[in-house]
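> One-letter residues, chain by chain:
Number of protein chains: 4
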Amino acid sequence: MGTKTVRVGIVGASGYTGGELLRLLATHPRAEVTVATSREYAGQPISNVHFNLKGFLGGLKFSQLSIDQLIGKCDVVFTSTPSGVSKDLAPKLVEHGLRVIDLSPDFRLKDPKLYEYWYDFTHGAPDLLSKAVYGLPELHRADLSNARLVACPGCNATAALLSLIPAVESKLIDLDHIVVDVKVGSSEAGMKPTLGTHHPERANVMRPYEASGHRHVAEVEQELSMLSGRSVRVALVPHAVGAVRGALATSHVWLADSSTDEMTVWKAYAKRYGQEPFVRIVRGGRHPDPKYVTGSNFADVGMAVEQRIGRAALLAAIDNLMKGAAGQAVQCMNLVCGFDEREGLYAPPLRPV
Amino acid sequence: MGTKTVRVGIVGASGYTGGELLRLLATHPRAEVTVATSREYAGQPISNVHFNLKGFLGGLKFSQLSIDQLIGKCDVVFTSTPSGVSKDLAPKLVEHGLRVIDLSPDFRLKDPKLYEYWYDFTHGAPDLLSKAVYGLPELHRADLSNARLVACPGCNATAALLSLIPAVESKLIDLDHIVVDVKVGSSEAGMKPTLGTHHPERANVMRPYEASGHRHVAEVEQELSMLSGRSVRVALVPHAVGAVRGALATSHVWLADSSTDEMTVWKAYAKRYGQEPFVRIVRGGRHPDPKYVTGSNFADVGMAVEQRIGRAALLAAIDNLMKGAAGQAVQCMNLVCGFDEREGLYAPPLRPV
Amino acid sequence: MGTKTVRVGIVGASGYTGGELLRLLATHPRAEVTVATSREYAGQPISNVHFNLKGFLGGLKFSQLSIDQLIGKCDVVFTSTPSGVSKDLAPKLVEHGLRVIDLSPDFRLKDPKLYEYWYDFTHGAPDLLSKAVYGLPELHRADLSNARLVACPGCNATAALLSLIPAVESKLIDLDHIVVDVKVGSSEAGMKPTLGTHHPERANVMRPYEASGHRHVAEVEQELSMLSGRSVRVALVPHAVGAVRGALATSHVWLADSSTDEMTVWKAYAKRYGQEPFVRIVRGGRHPDPKYVTGSNFADVGMAVEQRIGRAALLAAIDNLMKGAAGQAVQCMNLVCGFDEREGLYAPPLRPV
Amino acid sequence: MGTKTVRVGIVGASGYTGGELLRLLATHPRAEVTVATSREYAGQPISNVHFNLKGFLGGLKFSQLSIDQLIGKCDVVFTSTPSGVSKDLAPKLVEHGLRVIDLSPDFRLKDPKLYEYWYDFTHGAPDLLSKAVYGLPELHRADLSNARLVACPGCNATAALLSLIPAVESKLIDLDHIVVDVKVGSSEAGMKPTLGTHHPERANVMRPYEASGHRHVAEVEQELSMLSGRSVRVALVPHAVGAVRGALATSHVWLADSSTDEMTVWKAYAKRYGQEPFVRIVRGGRHPDPKYVTGSNFADVGMAVEQRIGRAALLAAIDNLMKGAAGQAVQCMNLVCGFDEREGLYAPPLRPV
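The listed protein sequences derive, respectively, from chains R, V, F and W.
If you use our numbering, the first sequence closes out at 394, no skipped numbers anywhere.
If you use our numbering, the second sequence closes out at 394, no skipped numbers anywhere.
If you use our numbering, the third sequence closes out at 394, no skipped numbers anywhere.
If you use our numbering, the fourth sequence closes out at 394, no skipped numbers anywhere.
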């Protein structure tokens, strides 16, 4: 992209991910938010919903979704919509030359049939599925530079994949018995109040959900299968726990060679992630904890090996709204636009929080 | 026991488990606390430490540990001490005819060598190890009635075992790939302040600990091996999460027969636990959550089967200080003393909390 | 009442206060719940809503509100309804000889005009207002024994009054500048999810609400005016803070005689509350904190005097669902029915929690 | 200052305020941290203590405090030390031409005798007290530009003052009955674990502390007396509540003219703070809540008037580690160094968190 600054639209800007995109882009040196849509809040100032943004983003107000407006005022559009919406919207924007960074699941899976199984819809743009780039820079950086349509990973999938990629690539683990136990904060459920997210019910929980099969497992299996060259099945169970932000993937694996020690595993991770701007490897008596990446785009990754029984816990901690959603989407935007990948994103996490 | 009321001593009464024992026994209709020891607080009123107990337990004060005093004033003694203490203390009390209910790990493992591996000490009373009864009533109720020495399970072990017992007994699962991912509240770490339990550091965490091997796995493996008649190895990783009370075991298992459905698993649990006074089976779109057993001695147990890949999540939720410690110890005392097992314990959990 | 056991109905049993009444009455030795109404959940088992009560209360199910059924099956009825409901319902029940314990505001205020100012309705039973007894046993114990209609105080009012009663009675403070700053947990808002109670928005808050005048101030002013024999006006501001249960009233007062010391204040409180079964006076470097009364009917009361400027902080901490609602209502029931005031209620708080 | 970039030293860099200074300065475009002292952690990498800073600040390590080193390597020094330390240290640094930004209480009070009353020490540099500038830019911006020694306000004092300044300046309130009720998160207590900050004890609290007189009241009274031209006494009581970050001052005041309405008060605030870069006035059915300034240097200010009884609640919400400590200190540094006041600080708060 030749222009110094990109004009950005956000579809679905009143939710938490939309708010986080607005927060990041409000101070991004090379982006300007020109459109922020919201059905419910159209016409209202951004800060009526996102109290934290009072004083930022000029006089920007929410507007109704208008494809013409997006085409006329934006170079890049983030779609932060429920599943099933962007599959119809994105093709139109791409067709008009816009770059689309989709935060919904609609373009993550290459196999259209999986949308019927996991998302209960028939995909209307199966051709675009193959062109969409899965927006995990640690896996698809090169492709992202040329992407017209980016399918950003789910937050649980991001954590799961980052915990597992080096182990799978280095063939360190038994691919038939991978268990990913994920813990997440309440912001993952979005902004709509329900009894399950009502504070008296949600505080202090340790609550498994979708324990018989969580949708994000589909993209984890897809990417791990691509990495390993064989079909990989994963047991993935998320748990709501007592926090607002954060996602931790604890991948419980059995070692391919039961004599593998922790140093060997660490070396594989250190080598694989050594140049990654947003992955930090945690060692020294400490394990990754989302608490220490809050507000940032970092993924902290670590491992623990129990040689006694030839198993390991492979760990990845992210802020679900950042590296798990808006931060990673902006990282993708930077790549798509040819900016420095760290632009507008490279700041330390908050602590304590 | 012929007496209507037992005289109870608590060794290590100033910690959280000691406080919970005091709370329960303060209103237990058939017990009277006559001795409560504390090195640090000897001479002080109970409520100086346990603020909640102000107005209860008469004028009881903490005293220094004295074996003579225990022998003279108690029928039953609870030992709530760090590992390595009761292994020397309990034999003396048992020798004098007292019943000992040990909440430490010192008598949980039948194989004395395991104490060297997991607890860094050589056991001085290996003969008592075989006589001690592992204090999980759901496994050893009959033996508990005659026990002189009860070894109460660790809280993580209690949750892990209760989640797995029916599945193992019914041979429903692959015994070679059992993963138990445990989430616990901060009270599990006890009452001593450390940087890790400092509120700004402990709030909102999702923090794995002892991820290369947690001591409680030894008793879980012992009991599951006894149940299944073969050696069972378990991958168990606890995680500190944002709550004060509670422990949830999520046992991730692969089904022995991949076509097993959830109803089959449920039936095994319903049959096994149907008569248990403190086990409740949770179904109907909901999973066990320690939040809903807070303050009670109940274990809520549940399951989710993913037939797609032949796996299940087997779940048990407890209050770590109750069914995971003091509550279960009182349940054992009731059995040891020939009382109704529910005496002083059978009340609903608090909600919301 | 001659019968050993009272038959109890609960109108509005599916909310938090209803659930807490059910929890308490499930183990109350002299009460049996025969009716529990809920518009939304009629026909469903209690434990579908109150997960904690699984296994208790026999097969009791929620039913639709039926006055005939209440009259036929109950001796005492608790009404736990929104403001404006029991003002019409209670008279009918009282007329048929039932005792009514109203947890709504409908009978708290003696002056019917105050309902128009604070509650936006015209009271249809102004005669009953004068007969209703304000259900704070610490103020109206004698009247409660003969009450046919009890108007239980609001939770903020309970905490405010208990913090102030001895100081007002003993004429220790300037009645023209009383400020009551209240902090409350999220359960005070009830069970209906809203954006304000959505966990990501409600966690970690320090949020004033109804800061220009909270309804509970009306009953506080009424009772303090009665106590002092003059009109008293109070500045009362509640704040939502990060907890599920609890209410703390910090009453900031200026001393009538600026040389009054803390011992003098303490003596007034110790004398006034010395015989109260559910009031505990906290001293010794510690202040009342709702955390240490959780799950119990206790009010912890305390004080701090700053002689430098002649002021004091008078403190009362309660569990808002217990002494602030259901617990106090059961305490009133015990009095109304001639039971020991502590029946079914006298157990220590939970700690830590 | 002529140089483009200032070299910064931080004395006491291992605490929370030190960590927050490091976090802010790590990305500040015109500052470079050259020295970070810590007695306990000297020789260790910054990220051993401040996990969030892994990957930032180059290879900076903690060092022992050395005045020579500070003089040789720094232009500006932040002192984040316990009370009583910088009163001896700062004079030496100032003497050598360094600018000192003191985050301790040692130079906040103009009257040396107040140090004996409130801080139990005799001040050894009373002359410097008069030259030190109280670091609240909203009160002393002009003086800060030329300050050699800045005394940053306490966090409770910052919130209290920002809530009250316009009301006092505009003579809207009764100066004889000001009550400031403050709520704070756990990070205010610093990084040293104690029983009071132990998570099981600190979670969910509503706990008044130093209720007979909190030290910060001295600086509040000093500044309000200066503003009003008469002696002002304030009742200030802080309360620990369930959050990690945040401080809310609820200033309960009686209106000088009881007919004053909310619009009048709002106008005074809007006028006074209209040009302030880090003060935002909150209205529209919402009140200030520290939750919505987390991670930022903003103070959100608001008000509620109860005309019924001629009183108001004047509110200010800050992040105690930012506008209440490190953020405000950097704001002062920007002023002292002639930078744009917003440099390195002007970013939106995080939400939700």
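Among the clues, some could well be false.
Chain copies aren't distinguished; within one or between two, either way the pair holds.
Said to hold, decoys possible - Straight-line C-alpha distance at most 30 Å; calculated DSBU-like pairs for lysine-lysine:
#	residue 1	residue 2
1	Lys151	Lys312
2	Lys308	Lys102
3	Lys102	Lys154
4	Lys102	Lys312
5	Lys233	Lys95
6	Lys95	Lys212
7	Lys308	Lys95
8	Lys95	Lys172
9	Lys102	Lys133
10	Lys312	Lys95
11	Lys312	Lys45
12	Lys212	Lys102
13	Lys308	Lys233
14	Lys133	Lys233
15	Lys114	Lys212
No wet-lab data here; the hints were simulated from the structure.
> When Cα atoms must be at most 30 Å apart, do Lys102 and Lys133 count as within-copy, between-copy, both, or neither?
This pair counts as within: shortest intra-copy Cα distance 24 Å, inter-copy 53 Å.
> Given a CA cutoff of 30 Å, do Lys102 and Lys312 count as a within-copy pair, a between-copy pair, both, or neither?
The answer is between: 25 Å across copies meets 30 Å, while 46 Å in one copy does not.
> Within, between, both or neither: how does the pair Lys114, Lys212 come out at a Cα-Cα threshold of 30 Å?
neither (47 Å within a copy, 50 Å between copies)
> Tell me, please, which holds for Lys308 and Lys233 at an alpha-carbon limit of 30 Å: within, between, both or neither?
So Lys308 and Lys233 fail the 30 Å test inside a copy (43 Å) and across (35 Å) alike.
> Tell me, please, which holds for Lys212 and Lys102 at an alpha-carbon limit of 30 Å: within, between, both or neither?
Neither, since 51 Å and 37 Å both go past 30 Å.
> How would you label the pair Lys102, Lys154 (within, between, both, or neither) given a Cα cut-off of 30 Å?
neither (39 Å within a copy, 44 Å between copies)
> Between copies, within a copy, both or neither: which fits Lys308 and Lys102 at Cα up to 30 Å?
between (49 Å within a copy, 25 Å between copies)
> If the cut is 30 Å between Cα atoms, do Lys133 and Lys233 qualify within a copy, between copies, both or neither?
within (28 Å within a copy, 40 Å between copies)
> Using 30 Å as the alpha carbon limit, work out where Lys95 and Lys212 are close: within a copy, between copies, both or neither.
between (50 Å within a copy, 29 Å between copies)
> Regarding Lys308 and Lys95, is the shortest C-alpha distance of 30 Å or less found within a copy, between copies, in both, or in neither?
Between copies only: 19 Å across, 46 Å inside.
> At most 30 Å between C-alpha atoms: does Lys312 with Lys95 qualify within a copy, between copies, both, or neither?
This pair counts as between: shortest inter-copy Cα distance 18 Å, intra-copy 43 Å.
> Can you give me the call for Lys312 and Lys45, within, between, both or neither, at a CA distance of at most 30 Å?
Close neither inside one copy (34 Å) nor across copies (38 Å); limit 30 Å.
Going through the hint list in order, the structure does not satisfy hints 3, 8, 11, 12, 13, 15.
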